[in-house]
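So you can see what is in the structure, the chains are spelled out below.
There are 2 protein chains.
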Amino acid sequence: MSPIQFVSLGPGEAELITLKGLKALQNADCIFCPETPVRDGHSLSRAADIMLRLDIPANRIRRFSLPMSKQRTDALNAYDQVYAAALSLHHAGKKVAIVAEGDAGFYSSVHYIYEKLQAAGIPVEQIAGIPAFIAAGARGGLHIASREERLTVIPGITTAEEIERLIQSQNTVVIMKLSQCTDEVHRCIRLHPEYDYRYFENVGTPQEKYISDGQQLETLRFPYFSLLIIRHNGF
Amino acid sequence: MSPIQFVSLGPGEAELITLKGLKALQNADCIFCPETPVRDGHSLSRAADIMLRLDIPANRIRRFSLPMSKQRTDALNAYDQVYAAALSLHHAGKKVAIVAEGDAGFYSSVHYIYEKLQAAGIPVEQIAGIPAFIAAGARGGLHIASREERLTVIPGITTAEEIERLIQSQNTVVIMKLSQCTDEVHRCIRLHPEYDYRYFENVGTPQEKYISDGQQLETLRFPYFSLLIIRHNGF
Numbered sequence: 520m521s522p523i524q525f526v527s528l529g530p531g532e533a534e535l536i537t538l539k540g541l542k543a544l545q546n547a548d549c550i551f552c553p554e555t556p557v558r559d560g561h562s563l564s565r566a567a568d569i570m571l572r573l574d575i576p577a578n579r580i581r582r583f584s585l586p587m588s589k590q591r592t593d594a595l596n597a598y599d600q601v602y603a604a605a606l607s608l609h610h611a612g613k614k615v616a617i618v619a620e621g622d623a624g625f626y627s628s629v630h631y632i633y634e635k636l637q638a639a640g641i642p643v644e645q646i647a648g649i650p651a652f653i654a655a656g657a658r659g660g661l662h663i664a665s666r667e668e669r670l671t672v673i674p675g676i677t678t679a680e681e682i683e684r685l686i687q688s689q690n691t692v693v694i695m696k697l698s699q700c701t702d703e704v705h706r707c708i709r710l711h712p713e714y715d716y717r718y719f720e721n722v723g724t725p726q727e728k729y730i731s732d733g734q735q736l737e738t739l740r741f742p743y744f745s746l747l748i749i750r751h752n753g754f
Numbered sequence: 520m521s522p523i524q525f526v527s528l529g530p531g532e533a534e535l536i537t538l539k540g541l542k543a544l545q546n547a548d549c550i551f552c553p554e555t556p557v558r559d560g561h562s563l564s565r566a567a568d569i570m571l572r573l574d575i576p577a578n579r580i581r582r583f584s585l586p587m588s589k590q591r592t593d594a595l596n597a598y599d600q601v602y603a604a605a606l607s608l609h610h611a612g613k614k615v616a617i618v619a620e621g622d623a624g625f626y627s628s629v630h631y632i633y634e635k636l637q638a639a640g641i642p643v644e645q646i647a648g649i650p651a652f653i654a655a656g657a658r659g660g661l662h663i664a665s666r667e668e669r670l671t672v673i674p675g676i677t678t679a680e681e682i683e684r685l686i687q688s689q690n691t692v693v694i695m696k697l698s699q700c701t702d703e704v705h706r707c708i709r710l711h712p713e714y715d716y717r718y719f720e721n722v723g724t725p726q727e728k729y730i731s732d733g734q735q736l737e738t739l740r741f742p743y744f745s746l747l748i749i750r751h752n753g754f
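The listed protein sequences derive, respectively, from chains Y and C.
The first sequence runs contiguously to residue 754 in my numbering.
The second sequence runs contiguously to residue 754 in my numbering.
Please note: incorrect hints may appear among the correct ones.
Copies of the same chain look alike in the list, so a pair counts if it fits in one copy or across any two.
[Claimed, not checked] DSBU-like cross-link-like pairs, simulated, lysine-lysine; straight-line CA separation at most 35 Å:
no.: 1; residue 1: K613; residue 2: K542
no.: 2; residue 1: K613; residue 2: K728
no.: 3; residue 1: K728; residue 2: K542
no.: 4; residue 1: K635; residue 2: K696
The set of hints was computed from the structure by calculation and includes no laboratory data.
My request is simple: use the sequences and hints to build the entire structure.
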């Protein structure tokens with residue numbers, strides 16, 4: 520029986536999916552795909568948008584609602600339902616895929632379902648994808664980290680002093696979920712205007728935003744889904 | 520005139536190239552590709568192997584020798600020659616690509632050529648690829664980093680105490696070029712057998728090695744091209 524495949528879609532630009540991921544989607548009978556409720560009863564799904572641009576038939580895509588609430592239990596409940604539905608299709612001999620934006624093993628809450636299936640002895644497979652920070656680096660033409668430099672990825676909570684300490688010890692710093700540390704990032708830019716700041720939203724999509732001017736960033740309000748790459752200019 | 524494209528090939532498994540990268544290779548007139556001299560006048564090129572498996576015509580692949588010596592100047596000389604040859608083809612109206620394993624902007628020495636072309640005002644484009652640690656995580660079915668966890672990537676030089684400090688402050692640690700810190704990694708495993716150690720070589724290729732048993736790793740000699748993902752078991 521085919522394993523249940525966790526297919527990484529990459530960061531948003533459809534053609535940044537891997538060939539392996541695309542083939543898995545083309546071969547799947549049923550593809551579980553998260554959507555997020557927005558205002559007026561509508562829903563958004565960047566994952567479904569990517570698949571439709573790759574000509575995956577809409578009738579094979581099975582959307583499930585993933586609430587964006589702070590309560591993790593709401594998301595876990597949604598995932599438990601996907602788990603049960605995927606398992607039942609798998610037992611019926613169907614080829615099942617579950618998709619994630621970016622890479623399904625890198626800050627991807629859907630990995631909860633992978634672990635639950637694995638614990639139940641169900642064959643699972645994870646197909647790698649491009650993380651957002653890698654796509655951002657390519658968009659900016661950056662050498663994100665080179666030679667002896669290190670990379671530290673921080674999902675949201677940090678201070679200006681910590682960023683300073685990391686940069687001074689030859690780390691490239693990638694900060695995600697910037698809305699959680701806006702003031703500290705602004706303070707870091709004021710303290711260290713000499714660092715190299717590259718800010719990204721929605722890389723590779725029509726909504727893309729790319730700002731490399733620290734002064735402009737100093738007053739910008741960051742949304743949750745945004746990303747900053749900070750490097751020492753003198754490396 | 521088309522930009523000179525820096526195409527990331529991914530970590531070694533041919534189908535982990537992106538669709539965008541594959542199309543760029545298929546459209547290129549000339550693809551510069553590194554090979555490494557080995558014994559008896561022979562050369563190896565994992566990059567060329569990947570492209571041949573993707574049915575890129577061999578006569579469009581232009582191999583250049585990239586010495587593995589410790590002297591960085593030898594590699595830079597090789598890159599300077601590629602720069603000149605690529606520039607001349609570009610001026611003749613040819614579509615030129617230059618490839619890199621993994622991601623061309625993440626610990627990729629070929630980025631030197633990108634920067635030199637950019638400084639000369641030549642249009643360049645970087646196409647993202649899967650870094651080896653992301654492919655390794657997928658191979659091992661790992662959630663490399665999740666929620667508030669951080670990621671630190673260390674290219675070779677570290678100590679057991681530093682790894683300990685990072686793990687205890689909720690970092691996942693990825694160490695590359697393990698041959699440079701074999702003794703410290705062995706010492707860390709003896710000090711902290713309770714951490715989760717996942718060791719990888721040549722992920723996705725016939726030479727793949729994947730070991731998740733710390734005891735087995737404690738005596739293993741690591742080659743240069745190898746990778747370890749260390750996590751706290753209790754996260």
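Status of the hints after comparison with the structure:
Taking identical chains as interchangeable, the C-alpha atoms of K613 and K542 lie at most 35 Å apart whether they share a chain (16 Å) or sit on different chains (31 Å). In this homomeric assembly, K613 and K728 come within 35 Å of each other (Cα to Cα) only across copies, at 31 Å, whereas the closest approach inside a single copy is 40 Å. Taking the closest pair of Cα atoms, K728 and K542 come within 35 Å of each other both inside a single copy (30 Å) and across two copies (25 Å). For a Cα distance limit of 35 Å, the shortest separation of K635 from K696 qualifies both inside one copy, at 26 Å, and across copies, at 33 Å.
Consistency with the previously given hints is maintained throughout, with no hint failing.
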